[in-house]
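Participant: These protein sequences, in sequence, are chains A and B.
Under numbering that gives the first Met the number 0, the first residue of the first sequence is numbered 0, with each subsequent residue one higher.
Under numbering that gives the first Met the number 0, the first residue of the second sequence is numbered 0, with each subsequent residue one higher.
If you're looking for bench data, these hints aren't it; they were derived computationally from the structure.
If you're wondering where the values come from, they're calculated on a predicted model, not measured in any experiment.
Glycine included, each C-beta is placed from N, C-alpha and C at the ideal position.
Hints are not guaranteed to be accurate.
[Unchecked claim] With the Cβ distance kept under 7 Å, some of the chain B side facing chain A (calculated, not the full set):
(1) A38
(2) I61
(3) G68
(4) G158
(5) P180
(6) E186
(7) L206
(8) Y209
(9) D210
(10) G213
(11) H277
[What the hints assert, rightly or not] In silico negatives: residues of chain A with every beta carbon more than 12 Å from chain B:
(12) M2
(13) F191
(14) V343
(15) K489
[To be verified] So, partial list: chain A residues that the calculated Cβ filter (under 8 Å) puts toward chain B:
(16) L7
(17) A8
(18) L136
(19) G179
(20) D197
(21) L319
(22) P322
(23) G338
(24) R405
(25) A412
(26) M446
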Amino acid sequence: MDMILSALAEVLSPFALIMNLMGVMIGMIIGALPGLGSVVAISICLPFTFGMEPLQAMALLLGVYCGSNCGGSIAAVLINTPGTPQAAATSIDGFPMARLGKGGKAIGWSLSASIIGGLFSCVVLVVAAPTVASFALRFGPLETFGLILMGLTCISSVSGKKQLQGLIAGLLGLLLACVGMSPFTPDARFTFGLYALDGGMDTVAVIVGVFAIAEVIDRSERMLHEKQGTVINVNKLSMPKLSEYKGRIWNLIKSSIIGTIVGILPGTGATTAAFIAYGEAQRSSPRRDKFGTGEPDSIIAAESSNNAVTGGALVPSLALGIPGDPVTAIMLATFILHGITPGVRLMVDNPAVVYGIFIALAVANLLMYPCCCVTTRIFNYLLKTPEPILMGLITVLCVLGAYGSRGNFNDVAVTIGSGIAAYILRRCGFPMPPIVIGLVLGQQFEMSIGQMLLYKADMSWWTYIAQSPIAMCLFAVTALILIVPLVRHKMSSQAA
Amino acid sequence: MNKIFKKMGLTLACVLMVTGSAFAAYPERPITMIVPFGAGGSNDLPARVLAGLMEKKLGQPIVIQNVVGAGGTQGTTQIAQAKPDGYTIGFDPTGALCLQPHMKKLPYGVDSFQFIGMATQQPVVLMTSKKASWKNLEEMVEIVKKAPGKYRVGISGVGNMSHVPVIALAKHYGLQFRYVPYRSTPEIMKEIAADRLQFHADMPVALSQYDVYGLIQFSDKKVDNLPMPNSADIGLNKNFIMWQACIAPKGIPTDILKILVDTMREVVNSKEYADAIHRLSMNVWWMEPDEAQKFYEKEFVSYGEALKDAIGK
Numbered sequence: 000m001d002m003i004l005s006a007l008a009e010v011l012s013p014f015a016l017i018m019n020l021m022g023v024m025i026g027m028i029i030g031a032l033p034g035l036g037s038v039v040a041i042s043i044c045l046p047f048t049f050g051m052e053p054l055q056a057m058a059l060l061l062g063v064y065c066g067s068n069c070g071g072s073i074a075a076v077l078i079n080t081p082g083t084p085q086a087a088a089t090s091i092d093g094f095p096m097a098r099l100g101k102g103g104k105a106i107g108w109s110l111s112a113s114i115i116g117g118l119f120s121c122v123v124l125v126v127a128a129p130t131v132a133s134f135a136l137r138f139g140p141l142e143t144f145g146l147i148l149m150g151l152t153c154i155s156s157v158s159g160k161k162q163l164q165g166l167i168a169g170l171l172g173l174l175l176a177c178v179g180m181s182p183f184t185p186d187a188r189f190t191f192g193l194y195a196l197d198g199g200m201d202t203v204a205v206i207v208g209v210f211a212i213a214e215v216i217d218r219s220e221r222m223l224h225e226k227q228g229t230v231i232n233v234n235k236l237s238m239p240k241l242s243e244y245k246g247r248i249w250n251l252i253k254s255s256i257i258g259t260i261v262g263i264l265p266g267t268g269a270t271t272a273a274f275i276a277y278g279e280a281q282r283s284s285p286r287r288d289k290f291g292t293g294e295p296d297s298i299i300a301a302e303s304s305n306n307a308v309t310g311g312a313l314v315p316s317l318a319l320g321i322p323g324d325p326v327t328a329i330m331l332a333t334f335i336l337h338g339i340t341p342g343v344r345l346m347v348d349n350p351a352v353v354y355g356i357f358i359a360l361a362v363a364n365l366l367m368y369p370c371c372c373v374t375t376r377i378f379n380y381l382l383k384t385p386e387p388i389l390m391g392l393i394t395v396l397c398v399l400g401a402y403g404s405r406g407n408f409n410d411v412a413v414t415i416g417s418g419i420a421a422y423i424l425r426r427c428g429f430p431m432p433p434i435v436i437g438l439v440l441g442q443q444f445e446m447s448i449g450q451m452l453l454y455k456a457d458m459s460w461w462t463y464i465a466q467s468p469i470a471m472c473l474f475a476v477t478a479l480i481l482i483v484p485l486v487r488h489k490m491s492s493q494a495a
Numbered sequence: 000m001n002k003i004f005k006k007m008g009l010t011l012a013c014v015l016m017v018t019g020s021a022f023a024a025y026p027e028r029p030i031t032m033i034v035p036f037g038a039g040g041s042n043d044l045p046a047r048v049l050a051g052l053m054e055k056k057l058g059q060p061i062v063i064q065n066v067v068g069a070g071g072t073q074g075t076t077q078i079a080q081a082k083p084d085g086y087t088i089g090f091d092p093t094g095a096l097c098l099q100p101h102m103k104k105l106p107y108g109v110d111s112f113q114f115i116g117m118a119t120q121q122p123v124v125l126m127t128s129k130k131a132s133w134k135n136l137e138e139m140v141e142i143v144k145k146a147p148g149k150y151r152v153g154i155s156g157v158g159n160m161s162h163v164p165v166i167a168l169a170k171h172y173g174l175q176f177r178y179v180p181y182r183s184t185p186e187i188m189k190e191i192a193a194d195r196l197q198f199h200a201d202m203p204v205a206l207s208q209y210d211v212y213g214l215i216q217f218s219d220k221k222v223d224n225l226p227m228p229n230s231a232d233i234g235l236n237k238n239f240i241m242w243q244a245c246i247a248p249k250g251i252p253t254d255i256l257k258i259l260v261d262t263m264r265e266v267v268n269s270k271e272y273a274d275a276i277h278r279l280s281m282n283v284w285w286m287e288p289d290e291a292q293k294f295y296e297k298e299f300v301s302y303g304e305a306l307k308d309a310i311g312k
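Just need the whole structure built from these sequences, with the hints factored in.
Facilitator: Spelled out as structure tokens, the structure:
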């Protein structure tokens, strides 16, 4: 108890609190800029942590982590260009809502969902980290394969009525994920002999192209023959009332659980979580028919889950010393620089630091509210700039973001190329989110298939799968997800 | 008249020389240090330590640029293709310099770089879970021999520093492992904790981070803080030492090179640097550029042979 109080005192000390606030603010602004995501934000802040106390450094980094996760949704809602990959699912309903003049409300939904998702995962982290961490260990290649297979079914749920186009787009995403060096042989694939492609398709570069650049081209084209484009008048951030949450609470909790679990499992991340939760909401929400036209349920699912990843990803990081995503990997490296050894003994040897992290994470989630108010206001000014200038600005940011993600010039070409290709596909009626789902899940999908085959070796498939109840569950759920709508459809058509 | 021209010419020459040397006051703008791996990793942190101390002495910031992709070859290519003016240098480990060029066709090779100096070195260590049924190398060899193909080694890429040393060891004892590629060390460590994988070869820093212990260090010299047998003890005539060097593109002017070498020598031999590097569980290693260049050429050839031995590439 003493330990908790002293950690509380340290995290709430002025300097640590300011660091936390600055972290959230920096994270939110960087996250809101298209192309610049969590990893970039953390890398920018990393050098400043060298001179700080460990907890102050953690307060800054955790702030950046939460802030960037939430900030991406602001751009997704207001200009239809997700600031971070994990906000891609938010734009599906956030932007239509903003178009109806309810941009402030949409951001309110996304912010409240983010805060609650973040706090939920924080509670899980505090209460159950050691127990839950051992659950992460049970996820081997076979289980990961099952999870990703389930994730891929989202392709169907985000495609709506355009199933065929959705599937083609998803396949395209999966193919893009295969470009570059094969993880299993020392050969490059789909590179057409271009050395520049050996590094593969950077997820950030492609997503920025597919969403932001394509949107810019689309608007520029509309500017040519429309006098007045759709100007979004945003207004102040307005939080939804508690009564409006009625009937959506279960969706919120379920999405938070999905986000936390996906966060706990190494190898996946916030983008995967957002799409799985979106898919789930799309299946179970009583308002699913309105999805895509500005339905808050979809925003709640995407945002609560992608922010719940933060606490989840910290579970294996703190309990086992195994980071759940690239951002927590950088955080653990910061520990080492400060002479703290992450790993199974962290909680025993440095409980003060661990408690401090719990508290700092919770505080960071609460600080998102004031920071989001400020950032939304900044965006209001941005939106008042004439559209051609705004579009130019976005393009510049996209190019910067694509370059900054890996420091590679080739990625700029990838962004612009994929932007043009995506624009053409969009005009042909292809939905864009499946490309992203395919690309984000594809790399890990291929990896787990290859690993699975190496593990299976000369066992029969039956004995291999029978060893893992988790995998069997995941396969069964996937099968249900695919079959149930068909049965339902059949029954309703028979009834009619 | 002629005299005046001569005088004017002389003055002009003098002025030019003065301004010329003023222009040559290297460095007059920030220097970029390319690190071909992600921020916060074991190749990034020592680079940041080195850059942080060097920029204090040079009076100009050294900006770390992480260029990630294709096993470090994308960033290393950028170092090799940079303008050799001393404003782009790089921090590169063994793998990207010695192994990757043998694996595939790359825009750089053994003669693309000018070494500024060596920064760190540490032997590759074969690690296994503390809960494993063997307690040392001999027991491990005995148990693994009885069950060929049963035990699995996690590698972070085909033909890299986590793969080739284990193959050499397996050849030496006639062992049969299964090699499973993963994307990162943490993922491999997760599988080792879950006993899906049994072994992983990596830098010693992982020993203090995860619940594993070292079976053997692939070096003919023993390192103080690594209590385990080395290659010489078991008669394995192979060294797999991860070193990290500060390099520049070939053709960098000698006066600029000298400034960089002098600064780096002073930093690497300082106590501040040593403390920071030890905190990362690495060892300080200084080598003059000429020596380093020769050492690199030797390493390049020997890794080529090791690879040919290991996977016939």
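Participant: Evaluate each hint against the coordinates.
Facilitator: To see whether the hints hold, each was checked on the structure:
About 4 Å separates the beta-carbon of B:A38 from the nearest beta-carbon of chain A, less than 7 Å, and the hint is met. Annotation: B:I61 was flagged as interfacial toward chain A, and the flag is violated, the nearest CB pair being 11 Å apart, outside 7 Å. The restraint placing B:G68 at the interface with chain A holds, with a minimum CB-CB distance near 3 Å, inside the 7 Å limit. Using the Cβ-Cβ criterion of 7 Å, the hint placing B:G158 at the interface with chain A is satisfied: the shortest such distance is roughly 5 Å.
Interface restraint check for B:P180: the shortest CB-CB distance to chain A comes to about 5 Å, inside 7 Å, so the restraint holds. Checking B:E186 against chain A: minimum C-beta separation of about 6 Å stays under 7 Å; hint holds. Hint status for B:L206: violated, given a least beta-carbon distance of 10 Å to chain A, over 7 Å. Taken as an interface hint, B:Y209 checks out: its beta carbon lies about 6 Å from the nearest beta carbon of chain A, inside 7 Å.
Satisfaction of the interface hint for B:D210 is found here, the shortest Cβ-Cβ separation to chain A being roughly 5 Å, below the 7 Å cut-off. Interface restraint check: B:G213 against chain A, minimum CB-CB distance 15 Å, threshold 7 Å, status violated. Against a cut-off of 7 Å between C-beta atoms, the interface hint on B:H277 is violated, since the closest Cβ of chain A lies about 10 Å away. With a least beta-carbon separation of about 23 Å from chain B, A:M2 lies farther than 12 Å from that chain, consistent with its non-interface assignment.
With a least CB separation of 14 Å from chain B, A:F191 remains clear of the 12 Å interface cut-off, as annotated. Its closest Cβ contact with chain B, about 5 Å, brings A:V343 to no more than 12 Å, contrary to its assignment away from the interface. Every Cβ of chain B is farther than 12 Å from the Cβ of A:K489; the closest lies at roughly 42 Å, confirming the non-interface assignment. For A:L7, the interface hint is violated, the least distance from its beta-carbon to any beta-carbon of chain B being 28 Å, above 8 Å.
Of the supplied interface hints, the one on A:A8 is violated, with its beta-carbon coming no nearer than about 27 Å to a beta-carbon of chain B, more than 8 Å. For A:L136, the interface hint holds, the least distance from its beta-carbon to any beta-carbon of chain B being 4 Å, beneath 8 Å. Interface restraint check: A:G179 against chain B, minimum CB-CB distance 7 Å, threshold 8 Å, status holds. The closest approach between the C-beta of A:D197 and any C-beta of chain B is roughly 4 Å, which is under the 8 Å cut-off, so the hint is satisfied.
The beta carbon of A:L319 comes within 6 Å of a beta carbon in chain B, closer than 8 Å, and the hint placing it at the interface holds. Using the Cβ-Cβ criterion of 8 Å, the hint placing A:P322 at the interface with chain B is satisfied: the shortest such distance is roughly 5 Å. Using the Cβ-Cβ criterion of 8 Å, the hint placing A:G338 at the interface with chain B is satisfied: the shortest such distance is roughly 6 Å. Satisfaction of the interface hint for A:R405 is found here, the shortest Cβ-Cβ separation to chain B being roughly 4 Å, below the 8 Å cut-off.
Residue-level restraint check for A:A412 is violated (minimum Cβ-Cβ distance to chain B is 14 Å; threshold 8 Å). Annotation: A:M446 was flagged as interfacial toward chain B, and the flag holds, the nearest CB pair being 6 Å apart, inside 8 Å.
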